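Quick mapping for you: the protein sequence lines, in order, are chains H and D.
The numbers in the numbering used here rise by one with no breaks, and the one at position 299 of the first sequence is 807.
The numbers in the numbering used here rise by one with no breaks, and the one at position 226 of the second sequence is 591.
Since the hints were made in silico from the structure, they are not lab data.
Treat the numbers as computed from the prediction; the structure is a model and nothing was measured.
Every residue, glycine too, gets a C-beta built ideally from N, C-alpha and C.
Hints may contain errors.
As the list claims (entries may be wrong) - Stretch by stretch, here's where chain H covers chain D in the computed footprint (C-beta under 8 Å, at least three residues):
id	region
1	422-430
2	614-623
As the list claims (entries may be wrong) - The following label-pair restraints were derived from C-beta to C-beta distances:
id	chain 1	residue 1	chain 2	residue 2	range
3	H	R537	D	P503	32 to 38 Å
4	H	R783	D	K623	33 to 39 Å
5	H	R783	D	L459	46 to 52 Å
6	D	H416	H	D893	36 to 42 Å
7	D	A582	H	V799	46 to 52 Å
8	D	G474	H	M509	21 to 27 Å
9	D	E428	H	E737	51 to 57 Å
10	H	S611	D	K564	31 to 37 Å
Listed here are the chains, written in short residue letters.
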Amino acid sequence: MNFELEPEHRMVQQMVRDFAEREVAPHIREWDRRQAMDPGILRRMGELGILGICIPTRWGGQGMDYLALGLACEELEAVDTSLRVAMSVHLGLNSLGLLQWASDEQRQAFLEPQARGEKLAGFCLTEPGAGSDVASLTASARRDGEDYVLNGEKMWISLASRADHFLWFARTNPQAADPHDGLSAFLLEADRPGVTRGDIHGKLGIRAGSTGWVNCQDVRVPARLRMGEEGEGFKIAMACLDGGRYTVAAGATGLIRACLEASLRYARQRQAFGRQVAGFQLIQRKIAGMVQSYEMARLLYLRAGWMKNVGRRNTRETSLAKWFATEASFQAASEAIQIHGAYGYSDEYDVERYLRNARGAMLYEGTSEIHELIQAGYALGLRQDAALRCELPGYTPEEAATAGAIDSRTGPM
Amino acid sequence: MNIVVCVKQTPDTAATVTVENGKVSWGDAPLVINPWDEFAVEQALRTKEAHGGKVIAVSVGPEAAREALKHALAMGCDEAILVSDPGLQGGDSLVISKALAAAIEKIGGIDLAMFGRQAVDSDTGVTPAQVARRLGWPALTLVAAVSAVDPAGRTISVDRALDEGRQQVKSPLPAVVSVTKEICEPRYPSFMGIRKASKATIPVWSAADIGMASIPAAALSWPEVFAPPKIETKVEMITGDSADAMAAKLVARLIEEKVL
């Protein structure tokens with residue numbers, strides 16, 4: 509057993525940290541206040557390869573492993589949650605879903621440009637009336653000759669107004685005895701006639717990110733863009749969540765670290781009762797709590813990442829990592845505000861943004877309650893993982909970086 | 366254009382440096398590539414991209430200096446060489462410049478040797494000039510812009526950033542160039558570069574390998590090392606009945622303290 513990061517992981521960490529601190533940190537307060545994502549930042553993440561970090565080079569990605577994906581998410585969310593959310597939907601939910609389930613033709617048309625960062629991707633599962641209860645979704649897909657006709661509305665969709673591609677879930681068989689078996693997944697280009705979308709404003713947090721709605725009205729999609737088999741949509745959605753939740757877990761870990769670092773800085777600098785507040789045991793208890801949750805969250809997500817690397821099913825471990833890290837990040841942000849006192853309540857300091865940003869992750873990609881049920885289900889033997897028709901490929905360096913893919917900036921190896 | 370970039374591994378600039386019993390310590394802060402050297406690596410890569418050739422990163426230092434070389438490889442350098450020898454440990458810039466010049470001569474066929482303007486730990490900034498002297502090459506220090514490189518005509522034209530302004534210099538090649546941070550914005554390592562760097566085997570050359578039969582003793586000694594004294598500050602509130610009265614008092618105090 510080895511708990512040490514490989515040199516390449518440390519370099520990924522440093523590179524993503526430098527990017528986020530240099531190009532995002534100086535502006536994030538302003539972007540958050542404006543409630544708008546900077547138009548250039550996702551393009552920049554694409555250019556640097558961050559948006560395709562763990563996609564094999566033959567599909568346009570950078571050929572790093574799943575641990576590198578987690579470490580990148582940790583570094584991004586240590587600066588702002590909006591960056592990590594983009595990773596979660598573009599890469600965790602959508603691109604990894606395509607890597608697992610799509611045909612080679614579909615990967616070529618959709619995954620490749622996504623991995624290169626040329627196209628942005630979103631994930632359309634949640635509806636105005638269907639969140640945790642996925643199987644009750646009402647968006648429909650009716651077969652009509654060589655096409656499907658999509659109708660329905662999706663809500664709380666990250667990158668709704670930015671994405672070029674969506675993974676769209678709809679009901680293809682309303683008569684299925686079990687509603688779970690009536691869903692299918694589709695690769696949907698945002699510029700198809702009948703697709704409309706918009707942003708939601710007034711969110712509590714992640715204000716520098718794009719969240720919105722997407723509507724399909726009689727949108728014709730050729731049958732070749734159905735991903736997986738008809739009726740496989742629920743399984744695909746759940747598998748995609750194993751990718752998305754992993755990025756959320758890793759990101760929330762970064763948020764805990766940001767809370768800890770801000771608290772350490774402030775506690776050393778702030779004087780009260782004639783000394784640094786860091787000297788008070790009640791402040792130290794809060795700091796100790798953040799250290800504890802950071803280390804635990806980190807071990808949990810790195811284990812899930814390792815399981816992905818070796819190609820082992822990780823629904824249980826990823827859910828645990830996501831549940832723990834998101835709850836702990838909210839707690840850490842709240843304690844960080846407490847350490848900052850009244851200053852923490854204003855956006856002069858970052859910790860109030862951390863609190864607002866942390867809250868959403870207890871709702872999306874499985875509410876905390878859903879994760880409790882998942883964990884209890886596994887523990888009680890009520891839940892087992894059935895084998896899937898397509899499994900997410902594990903990581904082998906040779907497979908991930910096949911010959912022929914050359915980075916234009918560094919030349920051939 | 367074959368270019369050598371000389372890089373040094375230094376403590377992170379964010380590290381808290383302390384001095385205990387005459388020894389400098391930066392705790393468990395990470396060691397990084399000297400930030401100035403990143404500008405040199407970037408400029409070397411741009412020159413190579415424009416004129417062909419290769420970029421070789423060279424460092425003199427302990428095993429740990431591999432990390433700085435790996436960073437240079439991840440940024441896109443073609444090769445890296447570590448010069449490491451117990452006899453070179455703790456050497457001053459006279460010793461290090463001799464080792465670097467010997468390594469550059471051993472590599473052979475080099476048109477440019479590039480440096481950051483100084484290292485953030487020792488801050489001497491003299492190594493580039495010393496290497497140039499040992500190689501017998503022109504030293505172009507504090508270069509803020511490379512305006513032209515003519516590989517066929519064997520010349521390089523640069524702007525040097527001096528206190529008095531910019532000095533334009535045209536020099537024959539080969540030459541030694543040390544760069545300031547105005548010269549360019551260093552790129553991030555690419556993921557492809559990171560993978561390459563993490564797999565790279567970096568050759569280690571000893572003093573004997575580079576033909577340094579004898580290692581000169583350091584000319585520089587550090588008889589005493591201490592932390593800079595803490596600057597004591599005190600705050601004095603100027604009070605008065607009116608703004609004019611307070612201003613008059615303030616001026617009087619400033620004169621008294623010899624500030625004005």
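How the hints compare with the structure:
Only residues whose C-beta sits within less than 8 Å of a C-beta in chain H count toward coverage, and the region 422-430 of chain D has 0 of them, not enough to reach three; the restraint is violated. A stretch counts as covered by a chain when three or more of its residues have a beta carbon under 8 Å from one of that chain; for the region 614-623 of chain D and chain H the count is 0, and the coverage is violated. Against the hinted window of 32 to 38 Å, the Cβ-Cβ separation of H/R537 and D/P503 comes to about 48 Å, which falls outside the hint. Here the CB-CB span from H/R783 to D/K623 is close to 34 Å, well matched to the stated 33 to 39 Å.
For H/R783 and D/L459, the hinted distance range of 46 to 52 Å is satisfied, since their beta carbons lie about 48 Å from each other. Remark: the range hint 36 to 42 Å for D/H416 to H/D893 is contradicted by a beta-carbon distance near 57 Å. Between D/A582 and H/V799 the beta carbons are some 47 Å apart, a value that agrees with the proposed interval 46 to 52 Å. Against the hinted window of 21 to 27 Å, the Cβ-Cβ separation of D/G474 and H/M509 comes to about 48 Å, which falls outside the hint.
Separation of D/E428 from H/E737 is about 55 Å and conforms to the stated range, judged on CB atoms against 51 to 57 Å. Against the hinted window of 31 to 37 Å, the Cβ-Cβ separation of H/S611 and D/K564 comes to about 32 Å, which satisfies the hint.
In terms of the numbered hints stated before, the structure departs from hints 1, 2, 3, 6 and 8, listed from lowest to highest.
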